[in-house]
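Peer 1: The primary structure of each chain is shown beneath.
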Amino acid sequence: MTAMNPFDWKRAAGAAVAALVALGGLWLAFAVYAAGQPLLALGALALIGAGLYVYVSRAALAWRYLFPGVMGMLLFVLFPLVYTMWIGFTNYSSTHLLSQARVKAYLLEQTVPDEEHSLEFTLHPEGKELRLVLAPYEAASGAQRFISPPLRLKGDKSETAAMTALPADAALAPALATREVLAHRDALMALKLAMPDQRVLGYAGVHEFGPSAAVWRANADGSLTRLDDQKTYVPNEAEGFYIAADGDRLQPGYKVAVGLANYARMLADQEFRGPFISIFVWTVVFAALSVALSLAIGCTLAVLLNWEALRFRTLYRTLLFLPYAVPGFISILVFKGLFNQNFGEINGILNAVFGIKPAWFADPLLARTMMVVVNTWLGYPYFLVLCTGLLKAIPVDLYEASAIAGAKPLTNFFKITAPLIVKPLSPLIISAFAYNFNNFVLVSLLTNGRPDFLNTKIPAGTTDILVSYTYRIAFLDSGQNFGLAAAISTVIFFLVALLSFANLRVAARNARK
Amino acid sequence: MAIVTGKNQRWRVLGAHAFLIALLVVTLFPLAAVVSISLRPGNFANGSLIPREISLEHWKLALGMDVTSADGVVVHPPFPVLRWLWNSVKVATIASALIVAISTTAAYAFARLRFAFKMPILNGMLLLQMFPPVLALVAIYAIFETIGNYVPALGLETHGGLIVAYLGGVATHVWTIRGYFETIPVEIEECAKVDGASHFQAFLRVLLPMAVPILMVVFVLAFVGTIIEYPVASILLREETNLTLAVGSKYYLADQKYLWGDFSAAAVLSGLPITLVFLAAQRWIVSGLTAGGVKE
Chain A
192 MTAMNPFDWK RAAGAAVAAL VALGGLWLAF AVYAAGQPLL ALGALALIGA
242 GLYVYVSRAA LAWRYLFPGV MGMLLFVLFP LVYTMWIGFT NYSSTHLLSQ
292 ARVKAYLLEQ TVPDEEHSLE FTLHPEGKEL RLVLAPYEAA SGAQRFISPP
342 LRLKGDKSET AAMTALPADA ALAPALATRE VLAHRDALMA LKLAMPDQRV
392 LGYAGVHEFG PSAAVWRANA DGSLTRLDDQ KTYVPNEAEG FYIAADGDRL
442 QPGYKVAVGL ANYARMLADQ EFRGPFISIF VWTVVFAALS VALSLAIGCT
492 LAVLLNWEAL RFRTLYRTLL FLPYAVPGFI SILVFKGLFN QNFGEINGIL
542 NAVFGIKPAW FADPLLARTM MVVVNTWLGY PYFLVLCTGL LKAIPVDLYE
592 ASAIAGAKPL TNFFKITAPL IVKPLSPLII SAFAYNFNNF VLVSLLTNGR
642 PDFLNTKIPA GTTDILVSYT YRIAFLDSGQ NFGLAAAIST VIFFLVALLS
692 FANLRVAARN ARK
Chain B
9 MAIVTGKNQR WRVLGAHAFL IALLVVTLFP LAAVVSISLR PGNFANGSLI
59 PREISLEHWK LALGMDVTSA DGVVVHPPFP VLRWLWNSVK VATIASALIV
109 AISTTAAYAF ARLRFAFKMP ILNGMLLLQM FPPVLALVAI YAIFETIGNY
159 VPALGLETHG GLIVAYLGGV ATHVWTIRGY FETIPVEIEE CAKVDGASHF
209 QAFLRVLLPM AVPILMVVFV LAFVGTIIEY PVASILLREE TNLTLAVGSK
259 YYLADQKYLW GDFSAAAVLS GLPITLVFLA AQRWIVSGLT AGGVKE
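Those protein sequence lines, which keep their order, are chains A and B. Just so we're aligned, residue 192 is where the first sequence starts under my numbering, counting upward by one. Just so we're aligned, residue 9 is where the second sequence starts under my numbering, counting upward by one.
If you are wondering where the hints come from, they were derived from the structure by calculation, not from laboratory data. Backbone N, C-alpha and C fix where the C-beta goes; we use that ideal spot for every residue, glycine too. Some hints could be false.
[To be verified] These stretches of chain A come out as covered by chain B in the derived footprint (C-beta under 8 Å, 3 or more residues):
(1) 501-514
(2) 520-532
[What the hints assert, rightly or not] Residues on chain A that point at chain B, a partial pick, calculated with CB under 7 Å:
(3) Met264
(4) Phe267
(5) Leu269
(6) Gln442
(7) Leu667
(8) Gly670
(9) Gln671
(10) Ala677
(11) Val682
(12) Phe692
(13) Ala693
(14) Val697
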C-alpha cells in the first residue's frame, strides 16, 4: 500500500481536531457574547486562539509542551489574584451582586397582572392530557371562549400554547375541581397563552389568566420610572443603586467601582478597625507561637533521636511522625471532639484529676491556647524531619573535639548544633510562618473563629485569623461582602509577597556563603 | 564513636527515654482515643481508653448500614461517608493524573527546549505558587460561577470544576520533574532523533519510560495534596451528596447535631487509607519538603 501514506492520515486527523476545537471555541465565544459579556467572550477567544496557534504553527514547538501548565497557572492562580485585587475596589456583595445592565434588565422584566383584562380559566381532561379553556368572568352563554391544544401540564418548564376560538356549541369534558387544578399550579405558572389577537396572557391567580403590565419604564437618560406612581429613580454610579429624588434606594443594587472605600473602612471605620486590628495581631502571634513551639519541640526531638546511645530511635521517629501523616482535616476535627467541654476526653481527664472543666470553645484565651496546642501537635513533625536531615550534615569530629574540651550536651547544642542549622533553617522557618499566617483549615475546622467579639458591626471571632475572617465576610454570616473580603485578601497578598521576598533573600544569601 | 562517656550517661539516657515516652503519649493519645471512641456505644460516651463494652454501631453507620438500637429504633447513617470517600478518591485521582500530564510536558520544555524568557517564566510560576488559593477564594468562586453559566459541567457544585481548579497548582511539580529530567543524559534522546524519532516521540518513548519513578512520586504527592484540600472544595461544593471527605467530615461535629461516635468511626475508616498512603510516600514527601529551601 504505497498510495496511502499513514503520515497524511495523521495530518488530516490533526487538522480535523483543530477545526473541531476552533468551531467549538467560536460557538462558546459566541454564546458568551450573546449573553452580554463581550469582554469575557474576547478572553475566551484569545485563549482558544492562542491554543490553536501553539498547536498548529510549527514556530511554537516549546509552547506545545508549556501551554497547558502555563495556562493552568495563569487562569487559576494569577487571574484569581488579579481579580481579587480588582474586586477589592468594588462594592461586590449580596446587595450588589449583578452588573448595572443585568439589574436594569431584571427590573424592566418585572410585571404586574392587569386584573381588568383577566379571563377565567377551567381545565378539561382529554385522555391523559388537559385542555385549558378561557372565558370572560360571569360570561353570558354567548360570550367568546378560547381553547388550548391538549397540554400535559407537568413540571415547571416554560411553554407557550396557542389559543384558538372555541365554538359556542363545542362539547367539553367536565371541568376539574379547584383542588385538582392546584395540583398543576407549577406548570400553569410557567405557561404562557398566545391569544389570536397577539396578546400573551400569563397565570394571574387560582382561576385566572391575564395580560401583564410592565412595572418600570426606561427613560432616555438611563433613569427608570415606576408606572403606577410615576416615581423616577436615577442610577447613582458612586453608590451602585437606582436612587429616587427623596433618597429611596431601589433593590437590588449593582456592582460599581468604589475606589479605596473598602481600604478606608479598614483604617478609618472605628467599629470595624477594632476587631480588624486584634485579628491582625492575633494572626501574627498565632503564626509566630506555632512556629516557635513546633521548632523547639521538633529540633529537640531531632537532636535526641540523633544520639547514638539511645535505643529504639527508629521506632520513636516513626511514631512521632504520625501527626504529619494523618490528614489534617481529620486530626483537627478529632481535637475539636476531644476538647469538647462536656463530652470530650480531655475535660474527662482534667475533671477526674483536678476537678475542672475548662470551656475551651467559649473562653477566648482558652480557645486561643487550644489553637496553638493543636497546631503545635500538627506542626512539630515537620521540623523534626527537617532538623534530622540538617543534623546529619554536621561533621562528627566537631562533637569529638568538644568532648575532649569537656563540654556538656547543652553547650554542644548551643555552641555547635544550633549555629550550624539556623542558617539553612531560616528560609524554611519563614515559609512555615507564611503557611501558618494563612492556616485557614485549622481555624475553619477547629473553632470557626468563635467565640466572637461582642458588639461588632460585622461578626468577628477572637480566634479568627485574617484569612478565615475574609472567608467569613465573603461566605458566611456577614452579608457576603465580597468587596471588603477581597480588599483584606489584597492586604494579605502584600504580606505574603513580603514574606516570600524575605525568604528568597535569605535563601540567596545562604547560597552565596 | 570515639567519645568517652561519663557516669552521667545512663541517667541521661533514662531521662531521654522518659521524655520521649511522655511526648509519645501526648502525640498518640488523640489517635488512640478516636479508635476507642469509634468502638464505644452511643455518641456521648465517656470512658476508659480500652472500651469496656465494644459496639460496632458507629462502624456499621459509617459503612452505610442501618442500625437497630436496643429499643427498636432504626438509625439511618447520618451522612454518606462512602460516597464522600468515593468523591474524594475520584477527584484526587483524575486531578493528579492531569497534574502529572501537565507538569511533565512543561518540565520537558524547561529541561530540554530552548525558548525566550525560560527562567523568568519558571521563576514566575514558582513565585505565584507562594500565594495559596485560599487567599483568592472570592475570585475563584466568581470564576467558576461564570464558567458554569456557559459550560455547566465545570461550574459550581461539579467535580469537573473542582478538578479544573486544582490544575493551577503545578509549579512545584514542574520544578521536581525538571530536576529529574536534567539528571538523564540528553544523548539518549538525541540518538533516538538521529534514528528518525520526532520531538514528541523522543519525549514519549525514550525520556518518559526513564522518568517513571519521579512521575509516580509526583502522582502520589499530587494525590495526597488534593485529597486533603479543604478551602477550594468547601466553596465549590455545597450539596451533601457532592461533598468530598475533607469538606463533609466537619458536619459530624456541628453544634446542633453532635455525632462524636459516628464521626470517630468515619474518621478512622477514611483517615486510615490516606495515612497509609502518606506513610508509604513519606520518603518522597520529606525530600519534597526540603526542596523549597535548598535549591539544587
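Peer 1: State for each hint whether it applies.
Peer 2: Results for each hint:
Three residues within the 8 Å Cβ limit are the bar, and the region 501-514 of chain A against chain B gives 7, so the coverage statement holds. By the rule of at least three residues with a Cβ nearer than 8 Å to a Cβ of chain B, the coverage given for the region 520-532 of chain A holds, with 10 such residues. The interface hint given for A/Met264 holds, since its Cβ lies 5 Å from the closest Cβ of chain B, which is under the 7 Å cut-off. A cut of 7 Å between beta carbons decides the hint on A/Phe267: the least distance to chain B is about 3 Å, and the hint holds.
A hinted interface residue such as A/Leu269 counts as satisfied when its beta carbon comes closer than 7 Å to some beta carbon of chain B; here the least separation is about 6 Å, so the hint holds. Against a cut-off of 7 Å between C-beta atoms, the interface hint on A/Gln442 is violated, since the closest Cβ of chain B lies about 21 Å away. The beta carbon of A/Leu667 is not positioned within 7 Å of any beta carbon in chain B (closest approach about 11 Å), and the interface hint is therefore violated. Interface restraint check for A/Gly670: the shortest CB-CB distance to chain B comes to about 14 Å, outside 7 Å, so the restraint is violated.
Below 7 Å, beta-carbon pairs count as interface contacts, and A/Gln671 has none with chain B, the closest being about 9 Å; its hint is therefore violated. For A/Ala677, the interface hint holds, since its Cβ comes within 7 Å of a Cβ in chain B; the closest pair sits about 5 Å apart. Because the smallest distance between the Cβ of A/Val682 and any Cβ of chain B comes to about 10 Å, over 7 Å, the interface hint for this residue is violated. With a cut of 7 Å, the hint placing A/Phe692 at the interface with chain B is violated, because the nearest CB-to-CB distance is about 10 Å.
Given hint, A/Ala693 at the interface with chain B, is violated; its Cβ is 11 Å from that chain's nearest Cβ, farther than 7 Å. Evaluation of the A/Val697 hint against chain B yields a violated restraint, the C-beta minimum of about 9 Å exceeding 7 Å.
When the structure is compared with the earlier hints, violations turn up for hints 6, 7, 8, 9, 11, 12, 13 and 14 and for no others.
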